[in-house]
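Listed below are the residues making up each chain.
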Amino acid sequence: MSNTEQTEQTEQPEQREQAERAEQPEQAEQAEQRLSTAPRQDDDGTVTLPSLGFVGWIRWFWRQLTSMRVALILLFLLSLGAVPGSLIPQNGVDATKVEAFKKAHTTLAPIYEKLQLFDVYSSVWFSAVYILLFVSLIGCILPRTWQFTGQLRSRPPGAPKRLTRLPAYTTWRTTASPDEAREAALRLLRKHRFRTHTAGDAVAAEKGYLREAGNLLFHVALIVMLVAFAWGQLYRSEGGKLVVEGDGFSNTLIQYDDFRSGTMFSTHDLEPFSFELKQFTGTYETSGPQRGTPRTFEADVTYAEAGGPDKKAVIRVNEPLKVGDAKVYLIQHGYAPVVTVRDARGKVVFKEAVPLLPTDANVSSQGVIKVMDGYRNAKGEKEQLGFPAFFVPTFAGKGQGEMFSQFPGLVFPALNLSAYHGDLRVDSGVPQNVYQLDTSKMKPYEDANGEIFKKTLLPGETMTLPDGAGSITFEKEIKEWASFQISQQPGNGWALGGAVAALLGLVGSLFVQRRRIWVRAVEGADGVTVVEMAGLGRSESPKLPEELAGLAAALHSVAPSAPPRNDPEPDPDTEQAVPAVPAEGAEKCCASPGDDPRTPSSRSDGETSHEASQGATQ
Amino acid sequence: MTIAAATNENLAQISNVLVYSAMAVYTLAFLAHIAEWVLGSRSKVGRTAAALTAARKAAAPAPAVQVRTAGGGTAVLDKPEVADRPEVVTRSATAARDVPDGPGAAGGDEQGDLYGRIAVSLTTLAFLLEAAGVVARALSVQRAPWGNMYEFSLTFSTVATGAYLGFLLAKKSIRWLGLPLVTTVLLDLGIATKWLYTESDQLVPALDSYWLWIHVSTAIFCGAVFYIGAVATLLYLFRDAYEVKVERGEKPGAFARSVMERLPSAASFDKLAYRVNAAVFPLWTFTIIAGAIWAGDAWGRYWGWDPKEVWSFITWVAYACYLHARATVGWKGRKAAYLALVAFACWLFNYYGVNIWVDGLHSYAGVD
Ligand code: HEM
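If you read the sequences in order, they're chains A and B. So that you can map any letter, position 579 of the first sequence is 721 in the working numbering, and since no number is skipped, the others follow by simple counting. So that you can map any letter, position 164 of the second sequence is 894 in the working numbering, and since no number is skipped, the others follow by simple counting.
The shape of chain A in the complex, shown without the other chains (with noise of 0.2 Å):
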């Protein structure tokens, strides 16, 4: 086995094969020439070191990255450097977590903050591991499209002298002539599809290249994924919308509450498009021990592209709209009460529906309700308000404690205000947060005991202010907001593209068997014509003395048997003692497909072709 080893090393296959050609057709050790394009291996461990200057270590070096054995072990180590990232949290998928971690802690946070360890998949050195994986990948195919083109090209290589030694093999004296015989077999190896010349006495044929093809796409397949991956990345854009029901979004960079975007990423390449949510649908299980646990997010919108017609559109949890390149995801939802609020003289100063953030799973939410102009206070002076706001889409009832909400459906809502007057700061400078209250220049309301005043309001009523200050009404009509998350993220479809191909190629590599077929027809010593048959597999090839057993089945039906000689020379096969050369399932019978052989199976296994070559080295 190291032999031949050996000689895979120190030889090229090109020319080795070249070689081969040109002694054709005589050259009997044809047959063992590589059947794969596998890469030259270099796997028993030793390394040879070369003694060459720059250039030689540089080849060397190529050599080694672009060796089965480096690939194996970049592999290896591609999937170990991925474990931390799942075990860890990690900044690109929860940084809030990231944070808590970080304070929990402290002595070994800055140590895996150093090693990239909450960034991973961007780590220096786990990219350094999939980059030098992928030159290696490139490295590969490069050499091995190349081979394979110009075994395309070439005719399968003709058969040598002793086809006994094959994995499989058959023969029998027949009545037809040697022209007749090998006319035949041609004809028979085209008809199934085998790639057939004559060369010489024998009929020389090969089939299941696309197992080659298969894996070259399959690997090239890889590299189009990554780089699809990459371009996603870079170009890539993301942002967070909160709509309320019957308010709208317009596809451009003001309109965002959030945006964030890859490197390469510019505002042009939004995709110019608005829509409008309509309504927005939440259904929960009602009874059982997941009571409360959500069925259905629906949103109902109607959107247009940049000056085309309303279309109208359901967006679900899973199933996104997709207008051009953008996908607009339906993220979260919650309430928004519509108040009214009435200033000293009665006059209505402010009359919206005010998203609230939900902080639980049965959506009990809180938020801000902010008056900032247009309200004079009693004595007519211009002021603005601040009511702090607690709402519950299903309310425990007066005296049950917290404002915790029972279930997340409307099913008896309630409204937990308190008022502050005075200068809400929104034009202070410093960017506010528009569910907190900046109580820093605003005073509480009161009430007669020197508390904060405070009311738990159903849908309805109203909450008059002491001292004629005006009042705020929680209106009947409670809206739904939705937020959407608008990505646009090119190169997704080469990525799909490059999956599927992958798989293909995969199936195609994984399935299919390249193999060589020689029929050999001559003239024996007593003027009979003797037919031989022989087949040779690469690896896995547990169907091809099945197949090759068809063969001669067919072809034995259109060159009969001559009738048997008188003085039987010894059988060919047990001739003489040579080496076999060996093929996968090799000895599995084939007398009648689907029977199962108690035989052992095969006690070679997934020889390639190196073993092959071995018996043409020997």
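Restricting the straight-line Cα-Cα distance to at most 30 Å, the calculated cross-link-like pairs of lysine-lysine (BS3-like) are:
| # | chain 1 | residue 1 | chain 2 | residue 2 |
| --- | --- | --- | --- | --- |
| 1 | A | Lys524 | A | Lys489 |
| 2 | A | Lys464 | A | Lys621 |
| 3 | A | Lys420 | A | Lys464 |
| 4 | A | Lys685 | B | Lys902 |
| 5 | A | Lys597 | A | Lys493 |
| 6 | A | Lys583 | A | Lys524 |
| 7 | A | Lys493 | A | Lys596 |
| 8 | A | Lys685 | B | Lys901 |
| 9 | B | Lys902 | A | Lys349 |
| 10 | A | Lys453 | A | Lys621 |
| 11 | A | Lys685 | B | Lys1065 |
| 12 | A | Lys685 | A | Lys349 |
| 13 | A | Lys256 | A | Lys239 |
| 14 | B | Lys1062 | A | Lys685 |
| 15 | B | Lys901 | B | Lys1062 |
| 16 | A | Lys524 | A | Lys512 |
| 17 | A | Lys596 | A | Lys540 |
| 18 | A | Lys349 | B | Lys1062 |
Simulated from the structure, these hints should not be mistaken for lab results. All values derive from a computational prediction rather than experimental measurement.
Starting from the known structure of chain A, arrange chain B with the ligand on it as the hints suggest.
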């Protein structure tokens, strides 16, 4: 509505009863397999040593060609009525050990064989009960029965048993798998009913998609078949160690001899493991792609390094590693086998480990 709910509850109840019955029958099948192995140990089989010594002797003078005559397995053409038909002669590697497969757990013992047959019948019955349990569960929830880990485990062992019975039906010599399979199925069902049980219920919206059918069904199928590959690999390692020992002329312990002699040869195990793993690898690839497409719809990105995605990827790379190793001369045999086991361990971790210990977006586990 309430009537429907009641029927559903009834169906869920029926499903539970069926699963428990299946467990009972699997237990009986387990006992029958044990009986088969115990009775089979009465026969004295020693083919391995015989074959290996014979091979050594034969190999001594010259590498003799082993041409098998028609009776000994030589291929015979499929036109037996023609008297003078040509025969196909096949050869195997000279390097490989020439060891016949063992006779199976029963070891040729008639009573053992009887128990073996009983075990297979019981396994079939248990399989039918369990499959009915899965169907009842699916009907009770009116969706694919793969909404949580309990249902997932249930389907997993059903498919594994189904695959085994399928192999038997196809007349593959795979009866050696019976005992390990039934043992694992019992373990799986025990864990599922004791720790993973979840009341039958509908899905959360994020899981409600036709990709569920595609992605999860192929994932379960891959797992079940990878499992068979892993058992074959494990037994390959044992059997190979045994053959090496015998080849070196050592005498393994009586127990090892009795068990190992009845198993198929290392080469058979190895080949089966490779075929099984290679055959499902494209399906596993497809599973991941389908998952990515689904993730693209559900979460707005098709790949986001969620722990489940990471471990699917790791499993995939590990199996790719194994396939590469098989194609690489120096890595064949035991080294490749270790890789296959590592790959299956990754699959297992992805299933149990990630669901239970690592939290991510794949919130279907239904365990607290
Ligand atoms: C991203 C990394 C890679 C993955 C996921 C991968 C995956 C695979 C898979 C699944 C197979 C099995 C298909 C078959 O047996 O025909 C395979 C085969 C093969 N791969 Fe790769 N591969 C990768 C990188 C490489 C590299 C870098 C090389 C070159 C050094 C390489 C060379 C080969 C060869 C020669 C075969 C055919 C083996 C045979 O003769 O059957 N692969 N690869």
